Amino acid sequence: MSDDYYSLLGVEKGASAEEIKKAYRKLAHQHHPDKKGGDEAKFKKINEAYQVLGNQEKRQQYDQFGQMGGDAGGFDFNSFSQGQGAGGFDFGDIDLGDLFRNMGGFGNRQPRQPVNRGKDIRVQLKIDLKDTLKEVEKKINLSKMTICTRCDGKGGEPNTKVKECFSCRGTGWVQQMKRMGPISFSQETKCPECKGQGKIPENPCNVCKGEGRIKTNKEIVVPLPAGVDTGQTLRFQGEGEAGKRGAESGDLYITIVVKDDPIFLRKADDLFTMMPISFSQATLGDEVDVSTLGGKKVTLKVPQGTESGKVVRIGGKGIPHFSGWGTGDLFVEFQVKTPNIKKLNKKQKELLKQLKKEGL
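Each residue of the sequence shown is one higher than the last, beginning at 100 in my numbering.
No lab work stands behind these hints: they were computed from the structure.
Owing to the predicted nature of the structure, the values given are computational and were not obtained by experimental measurement.
Treat the hints with care, as some may be off.
Said to hold, decoys possible - Keeping only pairs whose Cα atoms sit at most 27 angstroms apart, straight-line, the calculated DSSO-like set for lysine-lysine is:
| no. | residue 1 | residue 2 |
| --- | --- | --- |
| 1 | 294 | 314 |
| 2 | 456 | 436 |
| 3 | 233 | 395 |
| 4 | 314 | 225 |
With the hints as constraints, model all of the structure from the sequences given.
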């Protein structure tokens, strides 16, 4: 049979949360393995009891289901696999694979996740199309958790001592007892006393209240490589939120959105634009200056007899490849403009009439 948690802590079933905590601290100090006369086995049991009784929700479950024996007592594993335990107990959306992995003998122990690592930040950054031509730097303002400057991220007042957490013995992890209907099992979880750090400052920092980090607005300069395109996400390691008490910082993920340009259309690394030409230029041929995305002009020859829709390629005037090898091309589509009869002067109209007589 399992130990009675109230008896282990020496309190009555109706004890208050403060009475339970006080009893736990007294017994934990008394039986701590590092103390003279300490008892590691007893210490673990006391800690296990406090993890349940010190949590209101877990205590209610413990009081409701009572003490369970070491076996399943006729437990129906067929109904369990269908989401119900003995007596029709509904397990809802519980991940049974995770449940078994955390029970002794039902699977391999899972690796510990980083404790108190800062959160990753994901933002969207809009840039102009011309910003993709070369590496540029962009400034973004973020409201995020940053390292506390008073305690330098340690969580304690300057020159204060940092002691090992007596609950987890400096590991940051404790054994926690869980119950699912007729099943009870032990699971390793983050220590609630030290928040998974394994150490506790004697005097918490007055600014960050012991977290080692505070909320601030910070301007970050991020370099964007040439050739970036809409939908690409860039990762900047360690630029996310600061972790608690010097823990690892999260990362910053920036998703690029390239704004539409009024003149150029981008397709992959190629650019497309339109060049209006007059009827006479299209008929007789000419040379025109075409603007590139970078602002420079390129002289382009208009062949005689050019029709609307004809496309000419200008090599190397597109977007640099993101990989750094080569550059896309610029494609220019000619558009022959039809003269506006309302804006023609008398001489122009006479000339058009003569052309009409000549069959043009």
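Now the hints, each set against the structure:
Of the supplied pair hints, the one linking residue 294 and residue 314 holds, its CA atoms being roughly 19 angstroms apart against a limit of 27 angstroms. Among the hinted pairs, residue 456 with residue 436 is consistent with the structure: their alpha-carbon atoms are about 21 angstroms apart, no more than 27 angstroms. Our distance criterion of 27 angstroms between C-alpha atoms is met by residue 233 and residue 395, whose separation comes to about 15 angstroms. Proposed proximity of residue 314 and residue 225 is supported: the alpha carbons are some 25 angstroms apart, at most 27 angstroms.
The structure meets every hint from the earlier list without exception.
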